[in-house]
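> Spelled out from the first residue to the last, the chains are:
Protein chains: 2
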Amino acid sequence: MSTFDIAVLTTGDELLNGELADTNTGTIAAILTRHGYRLRCSLSAPDQEKEIEAALRYLTQHVQAVIVTGGLGPTGDDLTARAAARALGQSLAINDEALEMVRAWFRNRNRQMEPTNERQALLPIKAIPLPNSLGTAPGFRLQQGDCQLFFLPGVPSEMKAMFEQSVLPALQALNPGRSALQQRTFKLFGLPESRIDAMIPYRELPAGVKVAFALDYPLVVVKLRVAGDDAGRQLDRAEALLQKVLGEYIMTRNEETPEGNVGRLLTAAGLTLSLAESCTGGLLASMLTSQPGASAFLERAAVTYANSAKLDWLRVPLSLLQQYGAVSEQCARAMAIGLRQASDTDLALAITGIAGPDGGTPERPVGTVFLALASPDGVHVKGYRFNGGRQKVQRMSAYMALEWLRRFALRQQQEPLKG
Amino acid sequence: MSTFDIAVLTTGDELLNGELADTNTGTIAAILTRHGYRLRCSLSAPDQEKEIEAALRYLTQHVQAVIVTGGLGPTGDDLTARAAARALGQSLAINDEALEMVRAWFRNRNRQMEPTNERQALLPIKAIPLPNSLGTAPGFRLQQGDCQLFFLPGVPSEMKAMFEQSVLPALQALNPGRSALQQRTFKLFGLPESRIDAMIPYRELPAGVKVAFALDYPLVVVKLRVAGDDAGRQLDRAEALLQKVLGEYIMTRNEETPEGNVGRLLTAAGLTLSLAESCTGGLLASMLTSQPGASAFLERAAVTYANSAKLDWLRVPLSLLQQYGAVSEQCARAMAIGLRQASDTDLALAITGIAGPDGGTPERPVGTVFLALASPDGVHVKGYRFNGGRQKVQRMSAYMALEWLRRFALRQQQEPLKG
Numbered sequence: 019m020s021t022f023d024i025a026v027l028t029t030g031d032e033l034l035n036g037e038l039a040d041t042n043t044g045t046i047a048a049i050l051t052r053h054g055y056r057l058r059c060s061l062s063a064p065d066q067e068k069e070i071e072a073a074l075r076y077l078t079q080h081v082q083a084v085i086v087t088g089g090l091g092p093t094g095d096d097l098t099a100r101a102a103a104r105a106l107g108q109s110l111a112i113n114d115e116a117l118e119m120v121r122a123w124f125r126n127r128n129r130q131m132e133p134t135n136e137r138q139a140l141l142p143i144k145a146i147p148l149p150n151s152l153g154t155a156p157g158f159r160l161q162q163g164d165c166q167l168f169f170l171p172g173v174p175s176e177m178k179a180m181f182e183q184s185v186l187p188a189l190q191a192l193n194p195g196r197s198a199l200q201q202r203t204f205k206l207f208g209l210p211e212s213r214i215d216a217m218i219p220y221r222e223l224p225a226g227v228k229v230a231f232a233l234d235y236p237l238v239v240v241k242l243r244v245a246g247d248d249a250g251r252q253l254d255r256a257e258a259l260l261q262k263v264l265g266e267y268i269m270t271r272n273e274e275t276p277e278g279n280v281g282r283l284l285t286a287a288g289l290t291l292s293l294a295e296s297c298t299g300g301l302l303a304s305m306l307t308s309q310p311g312a313s314a315f316l317e318r319a320a321v322t323y324a325n326s327a328k329l330d331w332l333r334v335p336l337s338l339l340q341q342y343g344a345v346s347e348q349c350a351r352a353m354a355i356g357l358r359q360a361s362d363t364d365l366a367l368a369i370t371g372i373a374g375p376d377g378g379t380p381e382r383p384v385g386t387v388f389l390a391l392a393s394p395d396g397v398h399v400k401g402y403r404f405n406g407g408r409q410k411v412q413r414m415s416a417y418m419a420l421e422w423l424r425r426f427a428l429r430q431q432q433e434p435l436k437g
Numbered sequence: 019m020s021t022f023d024i025a026v027l028t029t030g031d032e033l034l035n036g037e038l039a040d041t042n043t044g045t046i047a048a049i050l051t052r053h054g055y056r057l058r059c060s061l062s063a064p065d066q067e068k069e070i071e072a073a074l075r076y077l078t079q080h081v082q083a084v085i086v087t088g089g090l091g092p093t094g095d096d097l098t099a100r101a102a103a104r105a106l107g108q109s110l111a112i113n114d115e116a117l118e119m120v121r122a123w124f125r126n127r128n129r130q131m132e133p134t135n136e137r138q139a140l141l142p143i144k145a146i147p148l149p150n151s152l153g154t155a156p157g158f159r160l161q162q163g164d165c166q167l168f169f170l171p172g173v174p175s176e177m178k179a180m181f182e183q184s185v186l187p188a189l190q191a192l193n194p195g196r197s198a199l200q201q202r203t204f205k206l207f208g209l210p211e212s213r214i215d216a217m218i219p220y221r222e223l224p225a226g227v228k229v230a231f232a233l234d235y236p237l238v239v240v241k242l243r244v245a246g247d248d249a250g251r252q253l254d255r256a257e258a259l260l261q262k263v264l265g266e267y268i269m270t271r272n273e274e275t276p277e278g279n280v281g282r283l284l285t286a287a288g289l290t291l292s293l294a295e296s297c298t299g300g301l302l303a304s305m306l307t308s309q310p311g312a313s314a315f316l317e318r319a320a321v322t323y324a325n326s327a328k329l330d331w332l333r334v335p336l337s338l339l340q341q342y343g344a345v346s347e348q349c350a351r352a353m354a355i356g357l358r359q360a361s362d363t364d365l366a367l368a369i370t371g372i373a374g375p376d377g378g379t380p381e382r383p384v385g386t387v388f389l390a391l392a393s394p395d396g397v398h399v400k401g402y403r404f405n406g407g408r409q410k411v412q413r414m415s416a417y418m419a420l421e422w423l424r425r426f427a428l429r430q431q432q433e434p435l436k437g
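Taken in order, these protein sequences are the chains called H and V. Take any residue in the first sequence, note its place counting from 1, add 18, and you have its number in this note's numbering. Take any residue in the second sequence, note its place counting from 1, add 18, and you have its number in this note's numbering.
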């Protein structure tokens, strides 16, 4: 198989003045790797026609495919099409197909098209437009000698969708790629990376399997990777080993999110849920309801910031609040019990704590969080002390609550509810 | 002043297979920009001697300074010093000063130095070592013609410390940098980028001021930038123009988030707030409570997914739900009124809608959302039809609600509450 080198060129002043970190290169790199292609290099250029032109001239001489992101918008700093026309010695003209794509985008949304949007159809004369289902800017494709060039918008969601819809199939038609790297991803909760690393039985793993780590706070992401015809079987063996030593810490695998996983488990178990959030302020409810189908299990949630809301909606006795305070094991328990009565759900989960930066005391410092889960089996309560700033404490609390729900739902698969 | 172009070369397979997103370029870019330098381009190369050598050869011919990160570790895939030696036609030798740096690092920590660590002192013969206070790998510096090359480790914390300690002062000695770019940022809501672009009075802007756009859905970010001694005054004039034509759409400026801005405005106005979220599932509450100080204005929030919660907590009449349905102007109004009574707050905001993907009907398709705001002035209700998938509809709904709250709080500054 002949060499098939691919380069990425990202454009935008914001990438070179530190305002925005480039994520498009990583996205493209991951998809290419998964499909057996190699990204040979990536380059960033500012919003200057000359610079983009120079980068394109250089890359077209050195690789077989160039993926360019950014600079296709309607405004004056969107210069990619002009730079491409110069680099390839083509003139610019309104591309009828691209213009119709732009018009259709506005038409379908009953929105007025601005004259500046017509600029988005001004492309090098030999460009083939690429549809953009998520935004106004069509992409386009060009050829220069043996090099294929693909131009995509810089908005990450649009870029990714168009790369998968248009660019990847085109690359596959040009070159089948080497044997693809296969990968399985596991999201673990409750152990630090160094501990997980020490627990992985590296010597027992099948020879070609590589292990990589990433952090998605508070989750540790473990990736198992291998190439070759036997990849599937090797990954099965590696996954079985991982499950054996770390199974209980694995929240989800591959594409599933922890909140999606919990929703699926609760729905499958036929469990209904209500939430009372104090320090997390609706974060857990928001995570669970970001997933389609949340209404199958979630009945309601309360963000009870003020004590009056705890009294009123959760029926927490005033005397209890006065005696123990809102951030206490007793209050968490009362919130969960009161919520379960109010909502008539199988499960009622309560979170109360101090996310900070203010509100900590020597006995109950910032990061003190109590969780309570009321179920037909009774009420389970536990206190934690989480590290980090406000948003880290909120995030950790929400993930801990997800973990409680996950484990409860899994237990139900073995021994269904008594109640 | 002559041109002084700087390039970054990051090395590492992990950057080109999607395992790790490069943050070093952004870090360097931000520091350079702050000090009035321009990063002309950035390049990523894999852990292959030939590729790094080719990149170095290219860059040394095109810019005046190259900052290279990665590949200085003790393992076999750390090839940067060898590649640099080849690119610059120098031999490799153990550098005594560098070796002493490596030895001292281990000595100071009472740790045993591995023989492989000696490799970290094997540098091109003319290299000047750069100290690394946070790790074992010394950096180094080389000159090729008019180009200065700086080699730093890839670990972000080590890279940043060494860049600030050694590289920035060296750059400043070579070239004082232009006067630093100053910038102001504005987040706009309610108009598309193309419309905003058409409304900006480019001809009236002070000569040096550049306008750049970015998207942070559903916000459009507008940046005004200018360099030079007169930057502050020019930005003042440009900002005044922007305020004149687009002022009402500007949600926040510079570092402030829209949710932080709304919290600040409500607190300053002494307004208390409660929320009832249906389709947004707690997203708005979660955004507002991610900011410190939310308890000063937020009394409570309800995520009323099931109708029973609307009946119970929000006192929405069952007959109303049966007659008009939960996604209706009538229901939104009743939610806001009932919530305001239950919570006794100045403002009660309700959101009900269909985020999808399921639940749409021909009359009320996915994206139909009603907002209601109950205040001492009465109840304001409005229906919307938002585009996009579930999370986009949720996000758009939450930002629209923020915008309602922002405008209400601003009006209070002019004419305080009647009630």
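Be a bit skeptical, because a hint or two may be false.
Identical chains blur together in the list; that is why a pair holds if it fits in one copy or across any two.
Heads up, simulated DSBU-like pairs for lysine-lysine below, C-alpha to C-alpha not over 35 Å straight-line [stated by the list, open to error]:
#, residue 1, residue 2
1, 400, 68
2, 410, 178
3, 228, 144
4, 400, 228
5, 241, 205
6, 205, 68
Just so you know, these hints were derived from the structure itself, not from any lab.
> Quick one: which hint numbers does this structure break? Sort them smallest to largest.
1 and 4
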